[in-house]
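Top to bottom, those sequences are chains A and B.
If you read the first sequence in the numbering used here, its first letter stands for residue 1, the second for the next number, and so on.
If you read the second sequence in the numbering used here, its first letter stands for residue 277, the second for the next number, and so on.
Check each hint, because a few of them may be wrong.
What the hints assert, rightly or not - As a list, the in silico DSBU-like pairs of lysine-lysine whose alpha-carbon atoms are at most 35 Å apart:
1. B:Lys367 <-> A:Lys163
2. A:Lys163 <-> B:Lys372
3. B:Lys354 <-> B:Lys367
4. B:Lys354 <-> B:Lys372
5. B:Lys367 <-> A:Lys220
Honestly, the hints are just simulated from the structure, not real lab data.
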Amino acid sequence: MGALARARQNPTTTAGAVITLLIVAAAVLAPFLAPYDPTEQDIMSRLQGPSAEFWLGTDQFGRDILSRLMFGAQISLTVSLGAIACAIVIGGVIGMVSGYVGGRFDLIVMQMMDVLLSFPSLILGLIVVALLGPDLINLVIAIALTAIAPFARIARAPTLVLKERAFVEAGHALGYSHTRILFRHILPNILSELLVMGSLWMATAVRTEASLSFIGLGVKPPTPTWGGMTRDGFENILDAPWLAIFPGVAILLLVLGLNMVGDGLRDATDPKLRHE
Amino acid sequence: MSNDAPLLQVTGLRKHFIMRQGFPTSRTTIIRAVEDVSLTIRPGEAVGLVGESGCGKSTAARAMLRLIEPTAGRVRFKGQDVLTARGDALKTIRRKMQMVFQDPYSSLNPRQTIGSALMEPMRVHHIATGAQARARAAAQLDEVGLPANALDRYPHEFSGGQRQRIGIARALTVEPELIVADEPVSALDVSVQAQVLLLLRELRTRRGLAFLFVSHDLSVVRWFCDRVAVMYLGRIVEEGPVAEVLRAPLHPYANMLREASPEPDPARRGKLPRIIGEIPSAAAPPTGCAFHPRCMGAMQACARVVPPLRPLGGGRAVACHLYDPAVAAAN
Numbered sequence: 001m002g003a004l005a006r007a008r009q010n011p012t013t014t015a016g017a018v019i020t021l022l023i024v025a026a027a028v029l030a031p032f033l034a035p036y037d038p039t040e041q042d043i044m045s046r047l048q049g050p051s052a053e054f055w056l057g058t059d060q061f062g063r064d065i066l067s068r069l070m071f072g073a074q075i076s077l078t079v080s081l082g083a084i085a086c087a088i089v090i091g092g093v094i095g096m097v098s099g100y101v102g103g104r105f106d107l108i109v110m111q112m113m114d115v116l117l118s119f120p121s122l123i124l125g126l127i128v129v130a131l132l133g134p135d136l137i138n139l140v141i142a143i144a145l146t147a148i149a150p151f152a153r154i155a156r157a158p159t160l161v162l163k164e165r166a167f168v169e170a171g172h173a174l175g176y177s178h179t180r181i182l183f184r185h186i187l188p189n190i191l192s193e194l195l196v197m198g199s200l201w202m203a204t205a206v207r208t209e210a211s212l213s214f215i216g217l218g219v220k221p222p223t224p225t226w227g228g229m230t231r232d233g234f235e236n237i238l239d240a241p242w243l244a245i246f247p248g249v250a251i252l253l254l255v256l257g258l259n260m261v262g263d264g265l266r267d268a269t270d271p272k273l274r275h276e
Numbered sequence: 277m278s279n280d281a282p283l284l285q286v287t288g289l290r291k292h293f294i295m296r297q298g299f300p301t302s303r304t305t306i307i308r309a310v311e312d313v314s315l316t317i318r319p320g321e322a323v324g325l326v327g328e329s330g331c332g333k334s335t336a337a338r339a340m341l342r343l344i345e346p347t348a349g350r351v352r353f354k355g356q357d358v359l360t361a362r363g364d365a366l367k368t369i370r371r372k373m374q375m376v377f378q379d380p381y382s383s384l385n386p387r388q389t390i391g392s393a394l395m396e397p398m399r400v401h402h403i404a405t406g407a408q409a410r411a412r413a414a415a416q417l418d419e420v421g422l423p424a425n426a427l428d429r430y431p432h433e434f435s436g437g438q439r440q441r442i443g444i445a446r447a448l449t450v451e452p453e454l455i456v457a458d459e460p461v462s463a464l465d466v467s468v469q470a471q472v473l474l475l476l477r478e479l480r481t482r483r484g485l486a487f488l489f490v491s492h493d494l495s496v497v498r499w500f501c502d503r504v505a506v507m508y509l510g511r512i513v514e515e516g517p518v519a520e521v522l523r524a525p526l527h528p529y530a531n532m533l534r535e536a537s538p539e540p541d542p543a544r545r546g547k548l549p550r551i552i553g554e555i556p557s558a559a560a561p562p563t564g565c566a567f568h569p570r571c572m573g574a575m576q577a578c579a580r581v582v583p584p585l586r587p588l589g590g591g592r593a594v595a596c597h598l599y600d601p602a603v604a605a606a607n
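In isolation and in its complexed conformation, chain A is listed as follows (with noise of 0.2 Å):
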């Protein structure tokens, strides 16, 4: 049985499947769903609570939170998704050049991922976002940073590995290149386990570049993102509580929903059911 039909079996799996996939949904069609411009100011019909006109309330400024949400949605996936992609790309192709080249290069790159995996990711995007500036992109490299050394790792492991074994030896006895090796014949025996790992980090970006947005450090307002909008509720959480606890909700459940997929993932790609 294929990994992908071992993870559909899994009902926790599907749950958090569903539950990802409502969210992007969300956020894809937002410009079409949305009741409201999530912009748009209406000082008439400030701090109301949820009701048949606005599901979930407005904020301080009379704008629609549902709509809000679901664009702020928009600006979670992209950058998460953005910086776990980033993080893939750099931090596998360092660890799997790491480990196949090995010797004291591989001791001296390995610490160096060991010194940027000794900062608290939060602290490390915070430095790189205060360096940079908050914006989308700067946002991506940051959360990207915190996320390399994980893979470099991730990737390392197996490739210590697989460069033993007899196929790779035949590659060289062929007279393949190192490049042809590492792409072709270490890559895809590595890959499925950097994409399990990718949707469980996917989880972790979504926290931090919320916590980046609330400590005011993400994509500058008026661009709703959830970590902002929970901040700005936190102002009236004793009048309006929904505005803080709408967005927080909505993280909880996208980081949830990735954690889920990830885990279900995970225990399908085992090595040690494969064989079941």
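Since chain A is already given, all that's left is putting chain B on it; use the hints.
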């Protein structure tokens, strides 16, 4: 055949592994896996390389193909220096020397179809591409006794013997002249062993391939090879035509090895092998002749002087003081 120019000529091949252990004061251990190996293979000739586990026979074979960098020595393939070749020159030499591996399960990339594994070498060496390469791959599979529909399948769909055939087919795609076979059948079931050996011999005859056949199984070497070299702790101790060496070995170690090897002969039934001791560590080899602590005929000189591999006529050579008239007389 003995008048032909050598296909592969190996002189004084050495491979030492350096191990550093311990902290803060690390100790360096040198493992002399291959200490001094000289060997000649002529076109179309099959040479067996036999010895116990850990004697360095696989390491020597890999060092000849430069799959690991030798520490010292010279390897010439058709007169070209293999050890100094780089880039395209090395690629061209590699094409002519291929390897068949012991473990058929790790020798094929699990994520690559058989067809892709067979066509990739053709593309790399500009032999064929596209439909032409596919046709050649199918023909290659046919030559090793597998159907063409195997092209689109993955290695896990095949048995050990079939995978070994695929490994052989892959080695043949680049039209080599020499095959280094590292225990090519020892991981297979006995019935499958025979089929793969028959295939190898058939290919040898049809394509005129030369073989370096690394094995610990004397009966397989006797059946497959023309000549045999017996290795002990990184050195060749005896060499000669396979029938003569295995019928009447000269070196005490070769003799012990033959005694320990079962023979399907009722007349020899019930004779227990006499094996004394076990192979010493290559990190701390004995002085003089490495075999002297286990040797029945050891003399004083054996503990001091390494016996050189001395030709005895009839294509035989032995590295033993017992056959050196000067040392024997002094004793």
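Each hint tested on the structure:
Of the supplied pair hints, the one linking Lys367 (chain B) and Lys163 (chain A) holds, its CA atoms being roughly 20 Å apart against a limit of 35 Å. The hinted pair formed by Lys163 (chain A) and Lys372 (chain B) meets the criterion: a straight-line CA distance of about 23 Å does not exceed 35 Å. The suggested pairing of Lys354 (chain B) with Lys367 (chain B) holds, with an alpha-carbon distance near 15 Å, which does not exceed 35 Å. Between Lys354 (chain B) and Lys372 (chain B) the alpha-carbon distance is near 10 Å, which keeps this suggested pair within the 35 Å criterion.
The suggested pairing of Lys367 (chain B) with Lys220 (chain A) is violated, with an alpha-carbon distance near 56 Å, which exceeds 35 Å.
In the structure shown, a violation is registered for the earlier hint numbered 5 alone.
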